[in-house]
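Mind docking chains B, C and D with the ligands on chain A? Use the hints.
Number of protein chains: 4
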Amino acid sequence: MHPQVASLFDNVYEDLAAAALEFIGTAFFLFFGLGGIQASTAEDTSSQPPASAIEHVLYISTCMGFSLLVSAWLFFRVTGGLFNPNISFALLLVGSLKPLRFVLFCIAQLTGAIAGAAIVRGLTSAPLSVNNFLQQGTSAAQGVFIEMFTTAALVLSVLMLAAEKHEATPFAPIGIGLTLFVCHLFAVYYTGAAMNSARAFGPAVISGFPEPHHWVYWVGPFLGSLLGASFYATLKHYKYWRLNP
Amino acid sequence: MHPQVASLFDNVYEDLAAAALEFIGTAFFLFFGLGGIQASTAEDTSSQPPASAIEHVLYISTCMGFSLLVSAWLFFRVTGGLFNPNISFALLLVGSLKPLRFVLFCIAQLTGAIAGAAIVRGLTSAPLSVNNFLQQGTSAAQGVFIEMFTTAALVLSVLMLAAEKHEATPFAPIGIGLTLFVCHLFAVYYTGAAMNSARAFGPAVISGFPEPHHWVYWVGPFLGSLLGASFYATLKHYKYWRLNP
Amino acid sequence: MHPQVASLFDNVYEDLAAAALEFIGTAFFLFFGLGGIQASTAEDTSSQPPASAIEHVLYISTCMGFSLLVSAWLFFRVTGGLFNPNISFALLLVGSLKPLRFVLFCIAQLTGAIAGAAIVRGLTSAPLSVNNFLQQGTSAAQGVFIEMFTTAALVLSVLMLAAEKHEATPFAPIGIGLTLFVCHLFAVYYTGAAMNSARAFGPAVISGFPEPHHWVYWVGPFLGSLLGASFYATLKHYKYWRLNP
Amino acid sequence: MHPQVASLFDNVYEDLAAAALEFIGTAFFLFFGLGGIQASTAEDTSSQPPASAIEHVLYISTCMGFSLLVSAWLFFRVTGGLFNPNISFALLLVGSLKPLRFVLFCIAQLTGAIAGAAIVRGLTSAPLSVNNFLQQGTSAAQGVFIEMFTTAALVLSVLMLAAEKHEATPFAPIGIGLTLFVCHLFAVYYTGAAMNSARAFGPAVISGFPEPHHWVYWVGPFLGSLLGASFYATLKHYKYWRLNP
Ligand SMILES: [Ca+2]
Ligand SMILES: [Ca+2]
Ligand SMILES: [Ca+2]
Ligand SMILES: [Ca+2]
Chain A
352 MHPQVASLFD NVYEDLAAAA LEFIGTAFFL FFGLGGIQAS TAEDTSSQPP
402 ASAIEHVLYI STCMGFSLLV SAWLFFRVTG GLFNPNISFA LLLVGSLKPL
452 RFVLFCIAQL TGAIAGAAIV RGLTSAPLSV NNFLQQGTSA AQGVFIEMFT
502 TAALVLSVLM LAAEKHEATP FAPIGIGLTL FVCHLFAVYY TGAAMNSARA
552 FGPAVISGFP EPHHWVYWVG PFLGSLLGAS FYATLKHYKY WRLNP
Chain B
352 MHPQVASLFD NVYEDLAAAA LEFIGTAFFL FFGLGGIQAS TAEDTSSQPP
402 ASAIEHVLYI STCMGFSLLV SAWLFFRVTG GLFNPNISFA LLLVGSLKPL
452 RFVLFCIAQL TGAIAGAAIV RGLTSAPLSV NNFLQQGTSA AQGVFIEMFT
502 TAALVLSVLM LAAEKHEATP FAPIGIGLTL FVCHLFAVYY TGAAMNSARA
552 FGPAVISGFP EPHHWVYWVG PFLGSLLGAS FYATLKHYKY WRLNP
Chain C
352 MHPQVASLFD NVYEDLAAAA LEFIGTAFFL FFGLGGIQAS TAEDTSSQPP
402 ASAIEHVLYI STCMGFSLLV SAWLFFRVTG GLFNPNISFA LLLVGSLKPL
452 RFVLFCIAQL TGAIAGAAIV RGLTSAPLSV NNFLQQGTSA AQGVFIEMFT
502 TAALVLSVLM LAAEKHEATP FAPIGIGLTL FVCHLFAVYY TGAAMNSARA
552 FGPAVISGFP EPHHWVYWVG PFLGSLLGAS FYATLKHYKY WRLNP
Chain D
352 MHPQVASLFD NVYEDLAAAA LEFIGTAFFL FFGLGGIQAS TAEDTSSQPP
402 ASAIEHVLYI STCMGFSLLV SAWLFFRVTG GLFNPNISFA LLLVGSLKPL
452 RFVLFCIAQL TGAIAGAAIV RGLTSAPLSV NNFLQQGTSA AQGVFIEMFT
502 TAALVLSVLM LAAEKHEATP FAPIGIGLTL FVCHLFAVYY TGAAMNSARA
552 FGPAVISGFP EPHHWVYWVG PFLGSLLGAS FYATLKHYKY WRLNP
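Chains as they are written, first to last, in our numbering: chain A, 352 to 596; chain B, 352 to 596; chain C, 352 to 596; chain D, 352 to 596.
Just so you know, not all the hints are guaranteed correct.
When the alpha-carbon atoms are kept at most 20 angstroms apart in a straight line, the in silico SDA-like pairs for lysine to any residue are as follows [stated by the list, open to error]:
#1 K516/A to Y364/D
#2 K516/A to R593/A
#3 K449/A to R593/D
#4 K587/C to Y364/D
#5 K449/B to L461/B
Restraint-style ranges between C-beta atoms, simulated for each label pair [said to hold, decoys possible]:
#6 T520/C to K516/A: 22 to 30 angstroms
#7 K516/A to N595/C: 25 to 33 angstroms
#8 F560/B to Q487/D: 52 to 60 angstroms
#9 A492/B to V570/A: 47 to 55 angstroms
#10 Q399/C to L367/D: 33 to 41 angstroms
#11 S581/C to V363/D: 22 to 30 angstroms
#12 H588/A to T396/B: 40 to 48 angstroms
#13 A371/A to W592/C: 47 to 55 angstroms
Calculated from the structure, these hints are not laboratory results. For every residue, glycine included, the Cβ atom is placed at its ideal position computed from N, Cα and C.
Next comes chain A alone, as it looks inside the complex (with noise of 0.2 angstroms):
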């Protein structure tokens, strides 16, 4: 091989064993995450009276935010947790991910993401009732724009928080966690609030994309990686730190 493709596979084990370690962190959010907002559509519909809807969008937030916030901390000082085809992304534009890495972990977050979503499945005797859609109102391109803020949002707080060093950094997964749950809050109702291709790809996959528009949720957060990732650059092309004396 050419010496330079030939470093692109240098640390080709480590490489395999990270990937597969963030189809196990993947499985394991989304499990969690996704667990939850089924099991609020079971209480809901078992008992009286229902839940209001900000009480069920308040849930699911909750649920996608916490579970998060604790798989990246638990996987944090092992692969990073990042759980996200749209960060991993991010972290390859800004130098963080090296090329082979970033296409396994592509592919490690999306299988993660459909066997999170068939153990839930599995173990709850229902349709999964977790798949991403545009709330009646809201346009496609609507979809797109709300889907690229809370994908940019995202991304820039993994790279703030835990691609950026400092006395804070061990921490990261606290504010990457509450970052997702804040944009749930915001985007449940709209488009779900994927922020993640993987999220929108598992449960759509098991359940055969019953959703029109699922297209919405790779442009979107594909665009807020690039939005993000570009911010993030330009505050370090201009030493951010040097502005707060």
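Just chains B, C and D with the ligands now, with coordinates in the frame of chain A:
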């Protein structure tokens, strides 16, 4: 220029860059905070049963408090993450912000709030339902005092947790965000809990100043800045760290 | 004066200043904590549908727990942020508070609680609905035990997290506030969860002692201080840090 | 005694003292956690309107998760704050707990759970409503798997956050408590979310084993300990810290 005047403009490029980032940060904070409130109204009107008022207030408090927690954390090492002209004013009073930067920050925070509210309006296909107003039965004087006390608490959290340097300083955004959360739990019902003239101003501009008593959200927080900064200055004057041996 | 008596007054100016700040801090803590409870009653009576009791209790617990978390964090490096005569008493028992400061702190905390409750009353145009009382079906003896155990837990959190010095000590207010939160989730329904004689006393003074069994909130927390401080003293006596190698 | 046998009893006094404190800590954890669940049932049956199932599950999850967060924080530097024989078993498997201490801890945790449940029963004048049971439609096999996966997550949080030494280790109780919280949000509906045989056993003893399938809460968590400890051992064997350069 007279040398003393010139010194005001010593770091004018840094000041402009910091103000541009405060614009983005304020829009970020209010996009998610106000967006969550906007979503809660949509959630409540589009489904049965409606939420209780307590549920609604808890949701609003969570959106605003945790949006600030997260936004301030992401921007903490960039601009300080103030997003609030009343915080800027308090920092001017205690000497942590120079006059030029104070003026630029206020402009950035007020226009950033307009931008945040505009994006919420554009992405949600519904009239804004996020303006601050006085609850029936709450007088303007009560409103001013409530805004004054809650803003003073927020100012004090910034001064004691972020401006003072100690081991927990890197985690100040957590305490500041939770202070906003706690103040909301009390004040949302009575005044809508601005504690920040920009937060009241932004959506009012976008929706045509629909509520009377908008001045309450300028006078109350202004007095709160004075109260919070004076209390902090008194603590420093008497060297508070000698009280707790 | 006899030298031993004089030594009690060695730091009398610091003691007076610290007590004045405990007055302010206690008023701050209870203004937001009790203010949130007062707001929740107003929220519930002014709109439809009413909240469920679980919603109401969760709201109250969040107001009190997070108000203490935030207040204690802001005042932690000033006076310690006790805001509670039963905590003061426990610190006297274990030798962390000298007798004069203990007496001044108790006066400050009891009058601060009256001030906090008075401000809530003045700003909300409604009778106070924040008094502690025993739920129908809860006997006075059960009330005393519930207040004793919950106060002991709170005392233990102050002693293990704040009085003991270790890496997490600067974050003690988070753990102490969450302890109050957890104790409320259990005790609000049965006793209103005082865990602090000043918290029960302040609103009772303002509203004319409307509830029988007010004495429960003095006897229960007093016994809780004894229990918590004794357990801590036992841990220290047996050098607890040698148990976990 | 044979020297190798004798060495098992080297620290027998420390082991007995630590077990006595695990007894107290487990009773503390479950008194507040189960007490909150007991209160939520009383809240719901004594007032109108009743809570939705989602509200109820969120309340239960908060009680259990935050009770562990707080209890484990208070006892973290004393005994480690395990309060769970399945955690003890995992620590035995990875070599962090010696056999004698393991046996004593299990006895302390099981009897501590009985004590905690008994105090709740005694202070609340109502039959215990805190037993784990399988939701209609959840098979025993599903229950075992749900308990296995959730327990494995809890075990992994203890091993990665508390057993491994790094900068965030003093804050491990926060992550461990939130892991219990997240697992509850999924599992409360299906199995009642024991994740701890002592938590299922204590109330069952006090209320006469009223639920069938009690064995599920022994088999599931036992398998979870094996799964969590094996995964951790694999991570260590392959030196996981080399994967994330
Ligand atoms: Ca519903
Ligand atoms: Ca409503
Ligand atoms: Ca009610
Ligand atoms: Ca409800």
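Hint check:
1. Distance check on the hinted pair: K516/A and Y364/D sit about 44 angstroms apart at the alpha-carbon level, beyond 20 angstroms; violated.
2. With a CA separation close to 16 angstroms, the supplied pair K516/A and R593/A stays within the 20 angstroms bound.
3. Distance hint between K449/A and R593/D is fulfilled; the C-alpha atoms sit about 16 angstroms from each other, no more than 20 angstroms.
4. Distance check on the hinted pair: K587/C and Y364/D sit about 16 angstroms apart at the alpha-carbon level, within 20 angstroms; holds.
5. A distance of roughly 18 angstroms separates the Cα atoms of K449/B and L461/B; the hinted pair therefore holds under the 20 angstroms criterion.
6. Distance hint check: the CB atoms of T520/C and K516/A are about 24 angstroms apart, consistent with the given range 22 to 30 angstroms.
7. Remark: the range hint 25 to 33 angstroms for K516/A to N595/C is upheld by a beta-carbon distance near 31 angstroms.
8. Distance hint for F560/B and Q487/D: a CB-CB separation of about 55 angstroms, consistent with the stated range 52 to 60 angstroms.
9. As the Cβ distance of A492/B to V570/A is approximately 52 angstroms, the hint placing it in 47 to 55 angstroms holds.
10. Under the hint 33 to 41 angstroms, the C-beta atoms of Q399/C and L367/D, about 59 angstroms apart, miss the expected range.
11. Separation of S581/C from V363/D is about 25 angstroms and conforms to the stated range, judged on CB atoms against 22 to 30 angstroms.
12. Roughly 45 angstroms separates the CB atoms of H588/A and T396/B, a value that falls within the hinted 40 to 48 angstroms.
13. Between A371/A and W592/C the C-beta distance comes to about 40 angstroms, which lies outside the given range of 47 to 55 angstroms.
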